[in-house]
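Q: Single-letter residue listing:
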Amino acid sequence: MSWLLPALVLVPFAGALVLPGLPDRFAVRAGVGVALVTLALAVLATYETGTTGFGRMQLEVRTDWVPALGLQAHLGMDGVSAPLVLLTGLLSVLVCLYLTRVGPDRNLVACVLAVTGGSLATFTALDLLLFFIAFETVLIPMWLVIRIWGDTTQPGGTATRNDAASRFVLYTATGSALMLLGIILVIARTGTSDLTELIERGGAGMSVTTQTVAAGLIVLGLAVKTPMWPLHTWLPPAHTIAPTAGSVLLAGILLKLGTYGLVRVAVPVLPAGLQNVAPWLGGFAVVGIVWAGLACLTERDLKRLVALSSVAHMGFVLLGVASMTPTGLQGALYANIAHGVVSALLFFVVGALKDRHHSADLSVLGPGLRDRLPRLGWLLTLGAVAGLGLPGLAVFWGELLAIAGAWQSSALGALDRPYAVIAAVGTAIAAAYWLRVLRLIWQGTPPADQAGLPDATHHETVVVLPLVVATVVLGLLPGPLLSTTAGVVRLLLPGGGVVP
Amino acid sequence: MSGPDLLLTALALLAAASGLLAVTGSRVVHCALWLVVSLGALAGVYLVLGAEVVALVQLLVYVGAVVVLVIFALMLTRAPVEPSDRLDAPKGQKLAAVVAGISVGGILAGTLIYALQDLTVKVQGEQGSARNIGRAVFSGWLLPFELLSVLLLAALVAAIAVSRHLPAEKRPGQSLTEDGGVQ
Amino acid sequence: MTESAAILSIVLPAASAMLGLLMGRDWARDWAVLGSLGALVAAIAELVLVGTDGPVTAFGFLGRAQLGGTTIDLALRSDQLSAAVAVLVALVAFCVQIYSTAYLAGEGTPDAPTRYPAYAATVSLFTAAMMLVVHSADLVLLLIGWEVMGLASYLLVGHHSERASARAAAAKAFLVTRVGDIGVVLAVVVLIAGAGTTSISDLNRAATENEIGHGTVLTAGLLLLAGVVGKSAQFPLHIWLPDAMEGPTPVSALIHAATMVAAGVFLMARLLPLYLTVPGALQTGAVLASISMVGAALAALAQTDLKRLLAYSTISQVAYMLGAVCVASDRELGSGDPTALAAPGVLHLLSHGAFKALLFLAAGCIVHIVGSTALADMGGLWRTHRSLAVLFGIGLLGLAGIPPFGGFWSKEAVLSAADEAAHAGTWVGWTVLVAGVLTIVLTGLYAGRAWAIVAMGRDPVLPAVGDAETEEPHENPHGHSQVPVAMMLPLYLLAIPTVAFGLVLLTPFDLLHGVEIQPGTAITGALLALSGVGWAVSAPRLGTPDIAVALPVRARALLENAFYFDAVIRALVVRPVLGLARTVQMLERDVVDAYVRAVRPTTEIAGTVLRRTQTGLATGYAVWVLVGAVVLTVAGMVLV
Amino acid sequence: MIHLLGPAVLAAALAGIGVYGILARRNAVLVLIGAELLLNAANVLLVTASALPAGGLAGLEHSQTYHDPLIPGQVMTIFVITVAAAEIGLGLAIVLLLFRARGTVELTAVRELGEASPRHTETPS
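Chains as they are written, first to last, in our numbering: chain A, 5 to 504; chain B, 27 to 209; chain C, 21 to 660; chain D, 513 to 637.
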């Protein structure tokens, strides 16, 4: 099955290259086809990995690419990457499907496929340089999505759009430059860029100082993408401006690249260094949770609010990573997937609402969605309730495990329990701002002038239905996903992640 | 101190001093002539160091051709014969130049003194003879030598092309200079 | 068999919720009623089966979650405690569903849009969540049901979401309980870290055998208590419950009788063996319960709204149950099963469930007739709707604890437990006992007051009387003279357990082994309750139907506003948080984002400055080149 | 026996003088004279180096016999002189062109590469 992962990565890229040459209507449908093939490959790859065990690297492929740099095209899959690969495949299908009806454009579909391909390459890359290249590949198509198809109805028009696009690209590129420095430092000191080998060494061959510097640089670079407070200010404008497809990709896939990098690179390759960085990382994470929550309490634009809530969710992921415990890492990975599903759901719904009202301002959207547009209203409610971390829905497990990880973390030192408590308080703030949203737009008496807007079409319902199911299933049956990551996180942590 | 050493020192002092005058003088023609002296003294230095052919080439090419070219250029650009205070750059830049010159000279001298210390060598006459140099040039250095001839040709063509008198309306600088100093 | 019954009691309402939502409004009613009926049958079957086959400690439900070194088994358990509470839940839910079909039948106007399918589904979801809490063998699984209940209560309290007060009350209910739930989440975290398990039976066993550190148990116990206080609406997190009266009345019955508030007490009873190892947590709970008991009863005394009166009475009664559980550490452990010590509390939970559901549903009928919840609009029920008045009276007698009604037995059990603890010589026992006795009098007073106003009253303003002068159409837009059968039926159904609850004590029911009623306390309690009721009921003869009027004005206002605790919370928590949020928004824009926006002007300024070096002078550039060369050389020499 | 320190210091001095000449002069022809001096500094060093035995300074430590002189140093010098000739030819041609176009050979008057700003406008002499 050695063809599986290369095919998985190359199919969307090939689609992205071919689609712009096809006629518009046909191209958009072909995009769905390509995405479906990718999803099928992702499912197959996950199945294959699962049959032989998620605990080890499976389906490895390795060929020299640029021998002078020691760069290898080295792909592989394990319990950390498999769920993310599946999520990427699923979201790519849904976004392509969404684009068949809403604003079909072959170039946009091509960009979506390019983002998919780049993300899949990032999630399966086992070479530090390859990881970096794949990580950067995603940037350009995403920039195009915001820059070309972005919303120009905001105050400021095209200037605001261009500002958001360049802010996104410059911010993340700056972060990537820092990360590249860290990667080069690691490669220079260890003499290899092979991730499997680096993980096996677990930081051996690098002094603690080197590790700390490298971990600092890599964490900083990845934290921009994640995004971590206070490096998050590119996210709200990017989300607000991006078209629905772009927001879904951004929240569902792109943000995962950063946290995946932390788990795949920072934790296992530089354990001693991350240990020193962890208290800071955890601190910024919990500040982000509370900060973003409070900011949401007064935010007026629903898309911006969802974006800010992503910062809070990602705070839990970061806290889980910073805890450097098996529980915390599992929580981080779970929260990653959960956030991908829930935020994608929310952005689809908010996008649909915005299409109807031509604004995402809470005062324009509301009140009375529950009576005016019941289907969209209930979908929004589900997304909000999931977003506030209700047990029984997906997000809860990630948050619980991240807090549990932080509570028993030795990496966070004396700050472990304070961080855990602050994060727990953050869940109450999340409830407060989501309830505010529901109170403002879902409840209340519908205004007369908004009557007659169409409720969710079948097409829209079909697109979000898989996400609804995933939200509920992940919330009620956490076992399968947790068992996927249970084994592999021990290999990533120093000393098998035994909590003293 | 041996005889060659004394000679070398004298020539070196002459070369350096005349070189200094060439870059500080206030009459352009004098500067060019001081350059002649400096280059000539250098030829002497080469001779003492046993590089006969190089010394000859120095005299032929530099003193003979290059300096003549410089003097021609001075004449063609209507350089003033009398002392002029417009030969040097403004004060600030001059200060920077002094600093840069002293640091470059100082760094080089320091490095070389540290590297050579009181190293002495015995110069053998045939070392730089025309036979040896000729053999070296036409064996191991043939390719660079030929390339050099191409370079010279190219420089020749380029010099002609650049300095050819263009009709006024085709001159590229036309739009930027108004009445300009075009003759 | 037991397992299937337990699983069915959870799955049936959940499935009916989903089907009711998906299959459209035509079927919503049938699915809702069928689901709750199924749950009732399943629960009764479970109770019977547990009695014959014995309890089942753990059986799989949602699989296992492997995290780190801990495996969380999302399993269920079934024993007499869970089965008994499940029967109560299912019974109340069934009554509420039947009742709601009629109660919400008036919807469909522009003022009140049709939300019945969603409403019925939410009630079903609520039932399922409570069933999950009752049957959970694991704290994490319990937490799922626990919070889903919070969500359902949010949706139901906010049912009339076109009313601003309903929106506010819904959000308040969710948020306040959520604050308490931070404690539960953290408790789970503490237990995962400290005990390595969240299984309830493992925790109880390990704590009893001192396998877990004392600090861990105490922390977890106190944190769980915070969740209990939030869910069961005890001081200081009780503020959501009176406001939750904005929901439709059947919802109030559901929340107050069987679900939500009962969940906290249930959890304490479930974890009693663990709590017994940390008396500190129980003492804290006892103090909070005593404060809630007396305070809420006092507040109930002066309420001007029937539903709010009942709400405060719920806080007070739930405090009884909690107090009964919290004195457990000072009582003698008889038969060896520490859970038996929770029996008085559980007994009161069950009897309270019956009479409070009856009271609320009856109140719903009264509201249906009057079209208002204000006590001032009511009166003369005894003359106009006698059967309803009788049912309401039965509920009030149960509440007041007049023998032989249900409330009497359970309340005396609680008092006996407190008495026993007090005689063991601890201050906790004394606190609960004194508060309990005081509350009995107060309960009698406000129960009697409710009766005096609603059933007797001087000026009946009911439409049946047809008094045109007092009955303005706009004052009473929803008033009806007749109560639908679907609304009366559940009342009769609930009146049976209210009247005959005492018979439960005659059955050889293991769960209630620990219940002892001391004749001394019982007689004292009954007399006190009677005197309270009597005093209040005789008030009309003293000139006013409302004894609260006899209170000084300022004291009355203080009690009516529940000691202004709401305002205190608003000033201490809500305002600061909102202020902080505004500050954060400002900081986000002007500080955190400022450095990002500063990049552009900085670049521009740097460009303008650096452009000056671009003079176009060849020698100027040469200076830079050479200076650069010198600097690099020096740097190279220094560094290497 | 010759001390090599002398020519080496001469090379350094010439380099410094050349740098000064290039930077301090306003007349383009005189700048070229400075460049010539700089080139000659290199030549002196090359010739000096050619007086060393094979293997350069490292070779001295092994033997005191000088049977394989460093001819490449002298060949290189000749090359440099040739390049210098080409350079000065082209350079002077450019100077002439400049003079024809601007009527001056003062480098301070040529700012065409500069950023346009009020302080730096192209001013004809």
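If you're looking for bench data, these hints aren't it; they were derived computationally from the structure. Note that the structure is a prediction, hence the values are computed from the model and not measured. There's no promise every hint is true.
Claimed, not checked - Here are the computed lysine to aspartate or glutamate pairs in the EDC-like style, where the Cα-Cα straight-line distance is at most 20 Å:
no.: 1; chain 1: B; residue 1: Lys120; chain 2: D; residue 2: Glu618
no.: 2; chain 1: B; residue 1: Lys117; chain 2: D; residue 2: Glu618
no.: 3; chain 1: B; residue 1: Lys120; chain 2: B; residue 2: Asp31
Q: Does each hint fit the structure? Answer for all of them.
A: Going down the list of hints, with the structure as the test:
Between the alpha carbons of Lys120 of chain B and Glu618 of chain D the distance comes to roughly 15 Å, so the proposed pair stays at or under 20 Å and holds. Proximity of Lys117 of chain B to Glu618 of chain D is assessed by CA-CA distance (about 15 Å); at most 20 Å being required, the pair is judged to hold. The hinted pair formed by Lys120 of chain B and Asp31 of chain B fails the criterion: a straight-line CA distance of about 35 Å is larger than 20 Å.
Violated hint: 3 only; the structure is consistent with all others.
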